[in-house]
Amino acid sequence: MVEGRKKSRTFRRVKVKTPGGETKVQYKRRKPSKAKCSECGKPLSGTARELPGKMKKLPKTKKRPTRPYGGKLCTQCTRRKMLEKARTK
Amino acid sequence: MIEIGRLCMKIAGRDAGKKCVIVEILDDKFVTIDGETRRRKCNVLHLEPLDEKIDVKKGASHADVSAAFTKIGLKARETKPKEKKIRPRKLRRSKLATKTAAKPEEQKTVKKTAKKTKKKTVKKSVKEKTTETKK
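Chains as they are written, first to last, in numbering that gives the first Met the number 0: chain A, 0 to 88; chain B, 0 to 134.
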């Protein structure tokens with residue numbers, strides 16, 4: 000029988016067809032949700048969505064855009080900040 | 000506002016927040032910029048013009064722009080490639096045997112002694128602490 004902890008909905012159920020011809024259920028972990036802009040809450044582009052073990056193996060440049068506030072603020076919020084910076088000085 | 004010599008700040012891209020000067024006007028949408036940013040074609044909508052204006056001719060080279068920037072007190076981007084630093088890398092034992100044995104062995108012994116001294120100091124301090132607490 001299935002382990003009790005795997006009956007939780009935090010695991011996803013995947014139907015896999017084996018070489019013997021049987022269809023079996025495998026229990027796999029769910030990926031974390033998409034990163035959001037810290038000011039407006041929009042989902043960020045250019046960010047990776049993987050389980051922690053895989054995220055560690057990814058290079059730094061593949062997890063965030065190479066732009067000021069990349070991976071933290073969305074493009075519209077960064078542009079607003081840059082305009083403030085240009086107009087206050 | 001968009002004219003040759005006008006000081007601007009880039010508001011988009013990886014050079015965002017950096018100051019640049021308009022060097023050439025290509026048409027009503029695109030200009031060539033240089034300064035703290037890379038020397039490139041840029042959309043006018045990605046620039047925020049500032050109040051200052053610099054003495055720069057049309058199509059000025061990077062050297063002229065950097066000279067004009069130093070007068071104001073800004074530093075232009077360096078275009079010379081950086082020197083490649085050779086990182087110290089450990090050699091495998093199989094490769095050590097093929098190479099000359101003198102230098103790598105010296106390095107190894109130096110490393111070993113350094114590690115040993117570090118361990119000794121740690122042990123000493125621990126022993127001192129335990130003796131003090133007992134007393």
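It should be emphasised that the hints constitute simulated quantities derived from the structure, not laboratory data. Mixed in with the good hints there might be a few duds.
Unchecked claim - Taking lysine-lysine and the DSS-like style, the derived pairs with C-alpha atoms no more than 30 Å apart in a straight line are: (1) Lys17(B) / Lys74(B); (2) Lys88(A) / Lys52(B); (3) Lys52(B) / Lys61(A); (4) Lys62(A) / Lys30(A); (5) Lys41(A) / Lys62(A); (6) Lys17(B) / Lys71(A); (7) Lys89(B) / Lys61(A); (8) Lys56(B) / Lys88(A); (9) Lys84(A) / Lys35(A); (10) Lys62(A) / Lys27(A); (11) Lys17(B) / Lys62(A).
Said to hold, decoys possible - Label pairs and their in silico Cβ distance ranges: (12) Arg92(B) / Glu83(A): 53 to 63 Å; (13) Leu82(A) / Glu77(B): 51 to 61 Å; (14) Arg12(A) / Lys89(B): 18 to 28 Å; (15) Ala66(B) / Lys53(A): 43 to 53 Å; (16) Arg63(A) / Ile1(B): 50 to 60 Å; (17) Arg92(B) / Gly19(A): 23 to 33 Å; (18) Glu49(A) / Glu23(B): 40 to 50 Å; (19) Ile24(B) / Met54(A): 43 to 53 Å; (20) Lys74(B) / Pro31(A): 36 to 46 Å; (21) Glu38(A) / Lys89(B): 28 to 38 Å; (22) Lys71(A) / Lys74(B): 31 to 41 Å; (23) Lys28(B) / Lys53(A): 34 to 44 Å; (24) Asp63(B) / Arg63(A): 29 to 39 Å.
Quick caveat, the model's predicted, so the values are computed rather than measured. All residues carry an ideal CB built from backbone N, CA and C; glycine is no exception.
Each hint tested on the structure:
1. Lys17(B) / Lys74(B): With Cα atoms ~11 Å apart, Lys17(B) and Lys74(B) stay inside 30 Å; holds.
2. Lys88(A) / Lys52(B): holds, 15 Å
3. Lys52(B) / Lys61(A): violated, 39 Å
4. Lys62(A) / Lys30(A): The given pair, whose Cα atoms are some 15 Å apart, holds under the 30 Å limit.
5. Lys41(A) / Lys62(A): holds, 17 Å
6. Lys17(B) / Lys71(A): Since the Cα atoms of Lys17(B) and Lys71(A) sit roughly 19 Å apart, the hinted pair holds (cutoff 30 Å).
7. Lys89(B) / Lys61(A): holds, 29 Å
8. Lys56(B) / Lys88(A): holds, 26 Å
9. Lys84(A) / Lys35(A): holds, 23 Å
10. Lys62(A) / Lys27(A): holds, 23 Å
11. Lys17(B) / Lys62(A): holds, 24 Å
12. Arg92(B) / Glu83(A): 53 to 63 Å: Given about 59 Å between the Cβ atoms, the range holds.
13. Leu82(A) / Glu77(B): 51 to 61 Å: The hinted range 51 to 61 Å is violated for Leu82(A) and Glu77(B), with Cβ atoms some 27 Å apart.
14. Arg12(A) / Lys89(B): 18 to 28 Å: Given about 47 Å between the Cβ atoms, the range is violated.
15. Ala66(B) / Lys53(A): 43 to 53 Å: Holds: the Cβ-Cβ distance is about 49 Å, inside 43 to 53 Å.
16. Arg63(A) / Ile1(B): 50 to 60 Å: violated, 32 Å
17. Arg92(B) / Gly19(A): 23 to 33 Å: Since the Cβ atoms of Arg92(B) and Gly19(A) sit about 47 Å apart, the hinted range of 23 to 33 Å is violated.
18. Glu49(A) / Glu23(B): 40 to 50 Å: Since Glu49(A) and Glu23(B) have Cβ atoms about 44 Å apart, the given range 40 to 50 Å holds.
19. Ile24(B) / Met54(A): 43 to 53 Å: holds, 45 Å
20. Lys74(B) / Pro31(A): 36 to 46 Å: holds, 41 Å
21. Glu38(A) / Lys89(B): 28 to 38 Å: violated, 46 Å
22. Lys71(A) / Lys74(B): 31 to 41 Å: violated, 26 Å
23. Lys28(B) / Lys53(A): 34 to 44 Å: At roughly 42 Å between Cβ atoms, Lys53(A) and Lys28(B) fall inside 34 to 44 Å, so the hint holds.
24. Asp63(B) / Arg63(A): 29 to 39 Å: Once the Cβ atoms are compared, 36 Å apart, the range 29 to 39 Å for Arg63(A) and Asp63(B) holds.
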